[in-house]
Amino acid sequence: MTATTDVLPTDHPVELAHGHGDGGINTALLGMLLFIASEIMFFAGLFAAYFSVRAKYGSHWPALPEGVEFAINPLVIIATLILVSSSGVIQWGLWRIRKGDRRGLNRAFALTMLMGLTFLAFQATDYVLLADEGISLNGSIFGSLFFTMTGFHGAHVLGGVIGIGIILSRGMTGQFSARNHVAVEAVSAYWHFVDVVWIFLFLTLYILR
Amino acid sequence: MATTALSPRAGAYPRSRVYEWLTTTDHKKIGIMYITSAYIFFLIGGLMALAIRTELAAPGTQFLNPDIFNQAFTMHGTTMVFFFVMPMLAGFANYIVPLQIGAADMAFPRINALSFWIIPVSALLLFSSFGLGGAAAGGWTSYTPLSEAKYAGIGQDFWLAGLLLNGVSSILGAINILATIFKLRAPGLTMLRLPIFVWTVLVTSVLLIFAVPVLASGLVMLFIDRNYGGAFFDPAAGGDTVLWQHVFWFFGHPEVYILILPAFGIISEVLPVFSRKPLFGYKAFVLATVSIGVLGFGVWAHHMFTTGAVFLPFFSITTFLISVPTGVKMFNWIATMWRGKLRFTTAMLFAVGFLASFLIGGLDGAFSASTPIDFALQDTYWIVSHLHYVLFGGSAFGIMAATYYWFPKMTGRFLDERLGKVQFVIMFVGAHLTFFPMHLLGISGMPRRIQDYAPNVGWQDLNLLATIGSYLIGFGTLVLLWNMFVALRGPRTAGDDPWDANTLEWATTSPPPSYNFDRLPEIRSERPLFDLKHGGAGHAPALPSGEGSQR
Numbered sequence: 001m002t003a004t005t006d007v008l009p010t011d012h013p014v015e016l017a018h019g020h021g022d023g024g025i026n027t028a029l030l031g032m033l034l035f036i037a038s039e040i041m042f043f044a045g046l047f048a049a050y051f052s053v054r055a056k057y058g059s060h061w062p063a064l065p066e067g068v069e070f071a072i073n074p075l076v077i078i079a080t081l082i083l084v085s086s087s088g089v090i091q092w093g094l095w096r097i098r099k100g101d102r103r104g105l106n107r108a109f110a111l112t113m114l115m116g117l118t119f120l121a122f123q124a125t126d127y128v129l130l131a132d133e134g135i136s137l138n139g140s141i142f143g144s145l146f147f148t149m150t151g152f153h154g155a156h157v158l159g160g161v162i163g164i165g166i167i168l169s170r171g172m173t174g175q176f177s178a179r180n181h182v183a184v185e186a187v188s189a190y191w192h193f194v195d196v197v198w199i200f201l202f203l204t205l206y207i208l209r
Numbered sequence: 210m211a212t213t214a215l216s217p218r219a220g221a222y223p224r225s226r227v228y229e230w231l232t233t234t235d236h237k238k239i240g241i242m243y244i245t246s247a248y249i250f251f252l253i254g255g256l257m258a259l260a261i262r263t264e265l266a267a268p269g270t271q272f273l274n275p276d277i278f279n280q281a282f283t284m285h286g287t288t289m290v291f292f293f294v295m296p297m298l299a300g301f302a303n304y305i306v307p308l309q310i311g312a313a314d315m316a317f318p319r320i321n322a323l324s325f326w327i328i329p330v331s332a333l334l335l336f337s338s339f340g341l342g343g344a345a346a347g348g349w350t351s352y353t354p355l356s357e358a359k360y361a362g363i364g365q366d367f368w369l370a371g372l373l374l375n376g377v378s379s380i381l382g383a384i385n386i387l388a389t390i391f392k393l394r395a396p397g398l399t400m401l402r403l404p405i406f407v408w409t410v411l412v413t414s415v416l417l418i419f420a421v422p423v424l425a426s427g428l429v430m431l432f433i434d435r436n437y438g439g440a441f442f443d444p445a446a447g448g449d450t451v452l453w454q455h456v457f458w459f460f461g462h463p464e465v466y467i468l469i470l471p472a473f474g475i476i477s478e479v480l481p482v483f484s485r486k487p488l489f490g491y492k493a494f495v496l497a498t499v500s501i502g503v504l505g506f507g508v509w510a511h512h513m514f515t516t517g518a519v520f521l522p523f524f525s526i527t528t529f530l531i532s533v534p535t536g537v538k539m540f541n542w543i544a545t546m547w548r549g550k551l552r553f554t555t556a557m558l559f560a561v562g563f564l565a566s567f568l569i570g571g572l573d574g575a576f577s578a579s580t581p582i583d584f585a586l587q588d589t590y591w592i593v594s595h596l597h598y599v600l601f602g603g604s605a606f607g608i609m610a611a612t613y614y615w616f617p618k619m620t621g622r623f624l625d626e627r628l629g630k631v632q633f634v635i636m637f638v639g640a641h642l643t644f645f646p647m648h649l650l651g652i653s654g655m656p657r658r659i660q661d662y663a664p665n666v667g668w669q670d671l672n673l674l675a676t677i678g679s680y681l682i683g684f685g686t687l688v689l690l691w692n693m694f695v696a697l698r699g700p701r702t703a704g705d706d707p708w709d710a711n712t713l714e715w716a717t718t719s720p721p722p723s724y725n726f727d728r729l730p731e732i733r734s735e736r737p738l739f740d741l742k743h744g745g746a747g748h749a750p751a752l753p754s755g756e757g758s759q760r
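Residue numbers (our numbering), protein chains in the order written: chain H, 1 to 209; chain U, 210 to 760.
Any given hint could be a false lead.
What the hints assert, rightly or not - Quick list of simulated restraints, FRET-style, between CB atoms:
| no. | chain 1 | residue 1 | chain 2 | residue 2 | range |
| --- | --- | --- | --- | --- | --- |
| 1 | H | Ile-72 | U | Phe-506 | 32 to 42 Å |
| 2 | U | Ile-363 | H | Val-128 | 30 to 40 Å |
| 3 | U | Gly-438 | H | Leu-208 | 23 to 33 Å |
Keep in mind the hints are simulated off the structure, nothing from the lab. C-beta: ideal position from N, C-alpha, C; glycine also.
In isolation and in its complexed conformation, chain U is listed as follows:
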């Protein structure tokens, strides 16, 4: 029997822990660094959001002048998309995927370290613009001509360079993940036995490889326009302004699935574990994930309905179409919980909160797919509401669920469940208080990205509500940080498999050793650990624990 013989523990030799972390190629350490830095960017982006909401709490200029306000919402969006959600999900993918597929590490550990270390460097480049003549101020979409040399200062160049570098990190990370999934799966782990989180990360990585380089080409063209007299987006010199929107959204729409698909995966890990049931309709879920990935490349111009430069029926229909696989998933999740043995841990609460919030955001999307409605709501707060429902109610709630679910695996310690539930209630109420009034503001005509509004149009109360809600979210974040701080100082009480879970990451110690596994269980389904504990289908192995089969 050929199991790996373990060499005796290497003797202690003088190397500081700081050096160890700076030079590590261990996917788990890199994953934790990704997650930690993403949380730092969440705080930075969150503070900018609070600044924006503070200014908008009442009409008039109280807190931010228009220039700073424009920089604040531009950098808020850019930070949250490129430096919070993307690195956060990359971090969870980094930590969890090799464990879930029973691998010892990623396929290219050193490239993995490179992908991570590019993130702080690109962030430094991006944020340094605040002190060097002002950050980019044209919105996270940086539409031309607003972002051209005539209207935007040097901050725009830092934005372009920072995102280009960030994109290199994403592409290298995606290549690494794909090679890992394709090549390093444990024996028996066929593609249709992959945990759903791995499937969603796989499709996300394909989207990254095909979408991010297109953004890179756009960034390069804009950079040439701004600095070397190019004519790409300048109609006066023969170029085409709308071209930027095409290039940006050809990336930008797959990007929204890049931001949400791994969160779908997280939810699909959490719901079955805390419902004590397998995921309902595994194959339908995989198929839905793949079709979202494919359709995601055919809907970009629904961001551009009002330009008059796109074929409305086509993009309207494809947008309605893409809501079908997403709807399939909603039913998968609900049917998974149906008559399950539900355990409302914090992770589960965030997963259920995700379902409720994402459903609203998703329905908003189906409304926007209808062109007449979109013409009326384009660039209003309704759109801001929609995108925050899917990104905060969706991605961020998914990230919270992942944090509570995998924290014991990463640290060996539980996050406090009572504090967690307090945090969930504060954040859930805060999120809906912040973003629901924006629907109404949008319908009553309030444009997005404005620093001030008239006192006599009736937007005051709703804006104040949204501001109060945003402070609640901020307070909920403080509760999470306090929870982490306290947990990390406590003893390691979590054990290997604290949630009685299904997948392989729980089949090793918490935290896992650097080589991840001594031995692997036999893999005969997408829930190898469940099979091991409770006896799988067919030839059930005798269990030393004697728990027996429940089903």
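Just chain H, same shape as in the assembly:
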């Protein structure tokens, strides 16, 4: 059959580019949420490795070389408080732009960025202190797990900070409004994800050890 198909006209408008219409979640935000789902599975792999190794050790955990102790540095608690509260700040910024408040958005994102950078600085300091105590990526299974998990988390914080920086620079040129701010939604969703991963890391590595 080589005749060209005769396509019937429809009675309702066909929005080719927008498909099913504008109902439901924004496409870009959906993309970000799916990306976050894949990121969760990446960290799930690391967490699974942690618990699978740890199960072998029972009470002899953390497994470290002779004479090396692992303790919580107070810096980490402060860093945790900063990161957790930054989630509130970024959410406040999101609420502001939903109401059309551009200055509120910029202020909140600037503050979130600062808090993220502070977290990274504290984490770097903690790494140096741990190295002094003899805990490092090589040499012990605890060290390998600890630095891989927190290191990848730190890289994600850095990624979030860069994202926030992009939003901030766009926000300062007034590109967002109450109706048009999907990038803000996406970046804040990502930041919440980074924050939640840290809560699980903190509980696992510091509290439940």
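Since chain H is already given, all that's left is putting chain U on it; use the hints.
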């Protein structure tokens, strides 16, 4: 009435076709690039397979020394899984899914281009290791400690980096497909009216998003072990060797469904069209696809029965369970053909060949689910036979069916049916001649991944048969390439809907314009084009062609 007003054709301005293809964000061009590059990797992986079979044709070392042999089977597996089947199915999904759901393009066209262009880059990274101290040689599963720094050279690092990059491409592609399916469906196209191919691609994409990142975490841990003194998989430093197997197979088992589900979808498009019947049990098929996706995450340790580190009854039962939805599909397909008006085109022949070959491979799987049998057959050629029956007899036959079925849509030209049938016969005979003797070799104890075997154990004749079969497959591939070459030089005679098909991709021109559709038919079932041509259920529209309703 609001139909899209077409702007006049843009004037010709100086931009070369090469530039056009390198910078395109059109899902159809990207799909064709995916498919073309996957066929190139099929040739590369196939040549490695032929090298392996040549060495194994007779006892003794004739052709490949053990080092090169190990690299050859490692890279053969890696290439076929990550650079042939996955990009090939991603390519068909890219081309077909937006058309089948009546969309103009993918949800994120530029990310789509990125996903594709990562593939050649990651392949370059992977294959460059051949010239830089030897490729990875620990098998496509790269079990530790064989893949640790102590035993494996720099090729292993290239393997890790190449697969990590390849995984990024898969994840981005899967996100894009899901966003496209969820957000860009044409009006009226509800989830339970999606063509089955779209459903299988949807479930595959979910599997990719949940499985590939876990592999990525394993790759990263192994990389740290090898290069920065990590202790993840090193028992001497407190780590756990079996952990690699857990992480790898937590990805690896969903991966086998990633490799086969879109092929299921292809078969489910081809069989109804060439049987002139709707797919039997559409909802059961969708449910079976979803349950395969869910159960696929609960069976990974059946690859690890002999480690002694897994709970055998659980993983044995879940493995038996997952064969149920697959069995449901076999009955769906057979019942679709039952008393249909069968047309044995090449696509249909490959689909039927798929049913026969995949059934054998699937039954092999049910045998392996039984732990005592698995203990006896673990790491023998029986496993090689099983996995090639499902991957070659399954995925590759599905890909061949898709190639013959959609080639007219992509190019406006038919592949020659007579050459196609010659190719089918050669490949079908070749595949069974290659892989069936491996069952017997495995049962008589021949281990997989060996470069040589003793002349006095009776494995010689069967190995020779397998080698002859593999050369037949190679010859069949040449027939396909010749067929494509000739077809692409011929005139465009295919027309819009050459197979009298059911789904929306046939409701536009062949090849479709860059914006895909001028107008869409009303969608009231999973076969909107059939409804349009033959009058759907309920209020049938008057047809200009006057063909009338057949049913």
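Comparing the hints with the structure gives:
| no. | hint | verdict |
| --- | --- | --- |
| 1 | H:Ile-72 to U:Phe-506: 32 to 42 Å | holds (35 Å) |
| 2 | U:Ile-363 to H:Val-128: 30 to 40 Å | holds (31 Å) |
| 3 | U:Gly-438 to H:Leu-208: 23 to 33 Å | holds (26 Å) |
In the structure shown, no violation is registered for any of the earlier numbered hints.
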